[in-house]
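Sequence order for the protein chains is A and B. According to the numbering used here, the first sequence holds residues 1 to 287 in order. According to the numbering used here, the second sequence holds residues 1 to 373 in order.
Treat the hints as calculated values from the structure; they're not laboratory data. Predicted model, so just to flag it, every value in this text is computed and none were measured. We treat Cβ as the ideally placed atom computed from N, Cα and C, and that holds for glycine. Among the hints, erroneous ones may be present.
[To be verified] Beyond 12 Å from chain A on every Cβ pair, some chain B residues (computed):
(1) D122
(2) R144
(3) K363
[As the list claims (entries may be wrong)] Below, simulated EDC-like cross-link-like pairs (lysine to aspartate or glutamate); rule was C-alpha separation at most 20 Å, straight line:
(4) A/K124 / B/D260
(5) B/K205 / A/E127
(6) B/K157 / B/D212
(7) B/K85 / B/E20
(8) B/K363 / B/E259
(9) B/K205 / A/D260
(10) A/K124 / B/E236
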Amino acid sequence: MQFIYSGITSGSIFALVALGFNIIYNTTGIINFAQGEFVMIGGMLIYTLLSIYGLPFLIAAPLALIIALFLGALFERVFIKSVRSPNEIKLITITIAASIILRGLGMVIWGRNSLSVEAYIPYKILELPAGTLTSNSLLVIIVSLITAFSLSLFFKRSSLGKAFRACYDDKVAASICGVDVSKIRMLAFGIAALLGVIAGIVTTPITYVAYTDGIMTGLKGFAAAILGGLGSFWGGVAGGLLLGIFEGFFASVFPSGYKDAFAFLIILAVLFLRPKGLFGKKKAERL
Amino acid sequence: MKKFTLVLIILMMSSVSYAEIRLGALFSTTGPASFLGMPEKQTLEMLVEEANKNGGINGEKIELYLYDTRGIDAEARKKFIRLVKKDRVDAVIGPTRSGSTLAIKELAGKFKMPLISCASSDRIIEPINPFVFKVAPSDMFAVRKIYSYLKDNGRKKVAIITAQNGYGDSGRTALLNEAEKMGIDIVADEKFRDNDRDMTAQLTKITEKNPDAIICWGVGPAPAIVAKNYKQLQPEAMLIMSHGVASKKFIKLAGNAAEDIILPAGRLLVAEKLPDNNRFKSMLVKYKNTYEERFDSSVSTFGGHAYDAFQIFKKAYKISVKENIEMIKAIENIKGYLGTYGEFNFSQNDHNGLDMDAFIMLKINNGDWELIN
Chain A
1 MQFIYSGITS GSIFALVALG FNIIYNTTGI INFAQGEFVM IGGMLIYTLL SIYGLPFLIA
61 APLALIIALF LGALFERVFI KSVRSPNEIK LITITIAASI ILRGLGMVIW GRNSLSVEAY
121 IPYKILELPA GTLTSNSLLV IIVSLITAFS LSLFFKRSSL GKAFRACYDD KVAASICGVD
181 VSKIRMLAFG IAALLGVIAG IVTTPITYVA YTDGIMTGLK GFAAAILGGL GSFWGGVAGG
241 LLLGIFEGFF ASVFPSGYKD AFAFLIILAV LFLRPKGLFG KKKAERL
Chain B
1 MKKFTLVLII LMMSSVSYAE IRLGALFSTT GPASFLGMPE KQTLEMLVEE ANKNGGINGE
61 KIELYLYDTR GIDAEARKKF IRLVKKDRVD AVIGPTRSGS TLAIKELAGK FKMPLISCAS
121 SDRIIEPINP FVFKVAPSDM FAVRKIYSYL KDNGRKKVAI ITAQNGYGDS GRTALLNEAE
181 KMGIDIVADE KFRDNDRDMT AQLTKITEKN PDAIICWGVG PAPAIVAKNY KQLQPEAMLI
241 MSHGVASKKF IKLAGNAAED IILPAGRLLV AEKLPDNNRF KSMLVKYKNT YEERFDSSVS
301 TFGGHAYDAF QIFKKAYKIS VKENIEMIKA IENIKGYLGT YGEFNFSQND HNGLDMDAFI
361 MLKINNGDWE LIN
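Just need the whole structure built from these sequences, with the hints factored in.
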């Protein structure tokens, strides 16, 4: 049972990263491979604000989120918007380049050591049926769920959120109806960066942060998005949680050396059997 | 005539630059192993400076050629070739990591370049390469020390969890091999990766086997996560780590989870707490104080490796000049050198020169090391 608890903890981080992939995929049709770097930057930002500037958490965290929104928007303007004659392949390649640039910047700014911050809430061990969970892991799970729910509300209820969905359905029609598609794109990157930074903030006290962390986080989040069905909101969340639980399960049943391989094998199997992912829906198209 | 003088001048210049001792060094001063490489670099630079101030070795000044391997094996190879071909050094100290040392082991033989490694893997000296030495004690000695400690405390059922890298693999081999010889029963054998973020799955499997103690073998942030996860599952159980985490940075990373962890380590960490009649004490305290005064950070046993490597190089250089023998033969002749990690007795078949006595057992208590018997 313990693997379920720890699987849900790491899975909720994958879910946040997967949501970031999905939001950008839905509004622009591209995969943003710099998504994992946003998580790394989140951890680094909170480290800088808390440990170097000594701000209290209640100021540091919102500040980090505002910086994230701004960074994401800037990212889109610099790397995506400025591309002449864009197509999907070009843009995806650019996001890979951008991820390398961000990693390099991270190394120059924050150095190569693993950095840690103090836990935000007192350390407690919760006894659960057949396992335990720390208060900090619970915080990760709760924050991820709240984020996912409020994001889903935002897309369903607010007019801006509806504009996002309109862009997903048909960009031309959306722009005819008065939706500023370019602004929506910029915002999509902003929100994706925000999700990454939230993930970075909540995990740093538990797993520390180093400049290379973005690669694996990004890949796992991408795998989660694929597993749940690329573009599907709750599919991304479910894919993340499932991936986390798979990993934990394989590590606790098979020799732990093969745990990453097994998790990715499952994803391959899902893709062979259900190419649209577990929860992906086929978009209706008129012929 | 002009040409001839030019050639002569160049020849003279090159002979002048050859009159100094050229010492190469490869340390991982950045990257995940930077907390090992940085104190090594600082120690070596400090010692070379000090030696030069006191007239060098046999009156010859030492020129240090030091490169950063960034903890990457390929980088270590590149920089080693540069040291041999371009800088034409007399010997090389380093690299920091086992993997990097193993990556250049063959090259050292090929270029006939004496290499004094600061890494600990047994495979560095096993099978023996006439040109490769190491000053870090073998994992085997640490394992023997741990096992005899466990046996003294009546604990025989042991679970191990090791990192999937050069250091962890070599530790795992030693743990498995020595267990049979020393009558220790290994009930679980788990692994983790350096970039794993959660080890509770492996640790749950271990707790189900109900071992008397668990031994974790790794370096960097991953063992700190193991410590945290283990405290979460089994707050009271005995957790033993390797000497790979014997640094204050580990205590800082793991925080409260580091409390009560037991580990084998060099005497240097507790130099001041040693009894006064200890024959290592004065040397250790002197190195510790000079280092800490100079760099304003606490001394680490890894810096001690660089200290030992440099002293051995210095001794060997003197012997090789005096008796007119090769550097590697001179190192093999070194007996009874009291270093930071114990007494070194090199021989043709022993390129490490240490034994189980290199280690003492420590416990982390209130964020500091405590000597236990």
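Here's how the hints hold up against the structure:
1. D122: 21 Å, holds
2. R144: Given a closest Cβ separation of 25 Å, the condition holds.
3. K363: For B/K363, whose nearest Cβ neighbour in chain A is about 21 Å away, the distance exceeds 12 Å, so it holds.
4. A/K124 / B/D260: Given pair A/K124, B/D260 holds - Cα atoms ~18 Å apart, limit 20 Å.
5. B/K205 / A/E127: Within the cut-off at roughly 17 Å; holds.
6. B/K157 / B/D212: 5 Å, holds
7. B/K85 / B/E20: Status holds; Cα separation ~17 Å.
8. B/K363 / B/E259: With a Cα-Cα distance of about 8 Å, the restraint between B/K363 and B/E259 holds, given a limit of 20 Å.
9. B/K205 / A/D260: 17 Å, holds
10. A/K124 / B/E236: Holds - the C-alpha atoms of B/E236 and A/K124 are around 15 Å apart, at most 20 Å.
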